[in-house]
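Student: Hey, can you work out the whole structure from these sequences and the hints?
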Amino acid sequence: MGSILVLAEHRQGVLRDVSYEMMAVAPKLAEQMGTDVVALLIGSGMDELAKKMAAFGIKVLVVDDPLFKDFNADKYQKVLSALIDDLKPAVVMTGHTAQGVDFMPALAIEKKLPLVADAISLEYAGGTLKATRQLYSGKANAVMAFKPAATYLLTFREGAVEAPDASASGSVEKLDSPLKEDLSYRKFIEYVEAEVGDVDITQSDILVAVGRGLKEDKNLPLVEELAKAIKADIAGSRAATDAGWIPHDRQVGTSGKAVKPKLYIAMGISGAFQHIAGMKGAKTVVAINKDPEAPIFSVADYAIVDDMFKIVPKLTEKLKELKG
Amino acid sequence: MKMFVCIKYVPDTSEAEVKVNPDGVSVDSSRFSFDINDADNYAVEESVLMKEASEGDVTVLSIGPKQSDVMIRMAMAKGCDRAVRIEDERIAGYDPLMVAKVLAGAIKGQEFDLVLTGCMASDDWQMSTGVALAEELGVNHASMVKKVEVLGGNKVKAYRELEGGLMEVVEVELPAVLTIQTGINEPRYAPIRGIREAQKKELKVASLDDLGLDASAVSAEASMVVLERLYIPDVVSSAEFIEGEPDEKAEKLASILVKGGLV
Ligand SMILES: Cc1cc2nc3c(=O)[nH]c(=O)nc-3n(C[C@H](O)[C@H](O)[C@H](O)COP(=O)(O)OP(=O)(O)OC[C@H]3O[C@@H](n4cnc5c(N)ncnc54)[C@H](O)[C@@H]3O)c2cc1C
Ligand SMILES: Nc1ncnc2c1ncn2[C@@H]1O[C@H](COP(=O)(O)O)[C@@H](O)[C@H]1O
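Chains A and B supply the protein sequences, listed in that same order.
So that you can map any letter, position 316 of the first sequence is 316 in our numbering, and since no number is skipped, the others follow by simple counting.
So that you can map any letter, position 147 of the second sequence is 147 in our numbering, and since no number is skipped, the others follow by simple counting.
Worth double-checking, as some hints may not be accurate.
[Unchecked claim] Taking lysine to aspartate or glutamate pairs in the EDC-like style, the calculated list, with each CA pair at most 20 Å apart, reads:
| hint | chain 1 | residue 1 | chain 2 | residue 2 |
| --- | --- | --- | --- | --- |
| 1 | A | Lys290 | B | Glu248 |
| 2 | A | Lys88 | A | Glu110 |
| 3 | A | Lys257 | A | Asp182 |
| 4 | A | Lys314 | B | Glu15 |
| 5 | B | Lys147 | A | Glu193 |
| 6 | A | Lys290 | B | Glu245 |
| 7 | B | Lys157 | A | Asp182 |
| 8 | A | Lys310 | B | Glu245 |
| 9 | A | Lys280 | A | Asp17 |
| 10 | A | Lys228 | A | Glu317 |
| 11 | A | Lys280 | B | Asp234 |
| 12 | B | Lys157 | A | Glu193 |
| 13 | A | Lys78 | B | Glu171 |
| 14 | A | Lys283 | A | Asp301 |
| 15 | A | Lys147 | B | Glu221 |
[What the hints assert, rightly or not] Some chain A residues flagged as far from chain B (calculated, every beta-carbon gap over 10 Å):
| hint | residue |
| --- | --- |
| 16 | Lys28 |
| 17 | Ala168 |
| 18 | Asn219 |
| 19 | Glu225 |
[As the list claims (entries may be wrong)] Facing chain B, according to a computed beta carbon distance under 8 Å, are these residues of chain A, among others:
| hint | residue |
| --- | --- |
| 20 | Pro105 |
| 21 | Ala108 |
| 22 | Ala117 |
| 23 | Ala145 |
| 24 | Gly159 |
| 25 | Glu190 |
| 26 | Tyr191 |
| 27 | Val192 |
| 28 | Arg238 |
| 29 | Lys262 |
| 30 | Leu263 |
| 31 | Glu293 |
Think of the hints as simulated: they come from the structure by calculation, not from any bench.
C-beta atoms are modelled at their ideal positions from N, C-alpha and C, and glycine is treated no differently.
Tutor: Shown next, in the form of structure tokens:
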């Protein structure tokens, strides 16, 4: 059987967390399948990053060429397409990230291979590879079984597992780039950094975070009052920033900020994994949500199942009173 | 700009209880409320904005049930010109590669500059359909797009939203598929006049056969994955649930926060 080829993701010279995290699942899967794990790096000037991946005790293949200085979905697809033909890997997996989702579905169509996207756990038994993924706001899990195929394609969710320690030694092998010239039809232009606002919520001690449950921006003063009473900054879910209730730089989550306050009070936020990824570093989490099944409760220390509009005014009043 | 915009009718499960049906592979959706997928609502707006900025023509595509006609009419009320709704029980809807093949089948043979999809459907979270669709159509793509600029020379500049809010700016030659991220614009409410006009616009309902598509290429047999089982995961919570009347809960929480030195 071919190897499990793990495409490690990096950006601006740094390996992304998901690259390490996949090292928690790929070796177990390799054991079940009776094969090995091989990492793949595509980029320019990959020596340092290749060493870091090799430290998981695996072979690292590197396609190192100035043509890959910046991520380009079409170039990645071309490299993977060629490597699938050459190496016949049993599995190709990468992160379910803005990079991974930009080429894996196209690769699946091109190579007529099966894809399971956003897997959170993997298992191989009785000759069948199965991947579990989430649906319906994370309230249901689906077990997807692959039909037998030459190569299985997977994108794995960032933050779904903890990265293991890397302390072994592996090997690094450079591959010839299958891509000989630049592409004219898709060009990387530049990175544009996220806008900076008046408050840096990554430095806040206390955050009061609102979500779609706020309903409309005329309800914001209620929350601002609470925040004022406890000297908190206001943050929110993507739904709250998309709606324009709070500024974009106050968004917590994968496409916003990772925060680590002492206290995080989430209200009217369901707790989508993209949100939780940004606030699980909080020391104490309070969640107020009227849905007892809301996933936010899985990361809460204190929970109130109720209408936030019935809780918040009284909470503010009582806090003011107690704090004098 | 000749455009297609793909929209999906999805249940809002953010507040609903999700239960698996006895068949083990579907959920009881009888009590869900359905509407346009969040990201697709932004895709519709983006297509209408582009149409308004220059000349343009937008066809809505949706694979879904009769009930979704309301959603489709709403997109036309906002300015989309016509719609095709594909309804066929044989489509393996759990596999985004099969969904992409159906959408591609409905587009192939027609000229277009842009196909807009949402970057993710909020029910199945695949984030795969748009990019698969581009490959199936043999055109360029950019995913997770949070800003688009139409350039001369048949190109667009797409701002892709990456983790941490960083934008990756790419230039892509048309025709292309863009998968639209939420927050790219401010979706409008349909104007009353538009709602009236939408009733007169064409909404074609088609089966796979009507589209000349081979059902065996997009069905569960063709899909290389099997939806084996759905289950409700345990919500493991170590939280202390504060009980009582709303006022009591608020008071208890306040004293926990103060006594614990948290505020
Ligand atoms: C690529 C990508 C990146 C993303 N990045 C992020 C990110 O960085 N951050 C982020 O937050 N999301 C992100 N998302 C979006 C994410 O998937 C969810 O859509 C979003 O987090 C939902 O926000 P919400 O919880 O506020 O809204 P919903 O999921 O709609 O939840 C609203 C909640 O409010 C509760 N509620 C309603 N009324 C009340 C009331 N009166 N009192 C109490 N509770 C009430 C409901 O029970 C529900 O649980 C991303 C999505 C994608 C595709
Ligand atoms: N049944 C459908 N009908 C029309 N468009 C769809 C359908 N399913 C998915 N799409 C499009 O593909 C996007 C991404 O969906 P997904 O890959 O399932 O997360 C959606 O936002 C829609 O634009």
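Student: Hint by hint, work out which the structure violates, then give me just those numbers in ascending order.
Tutor: 3, 4, 24
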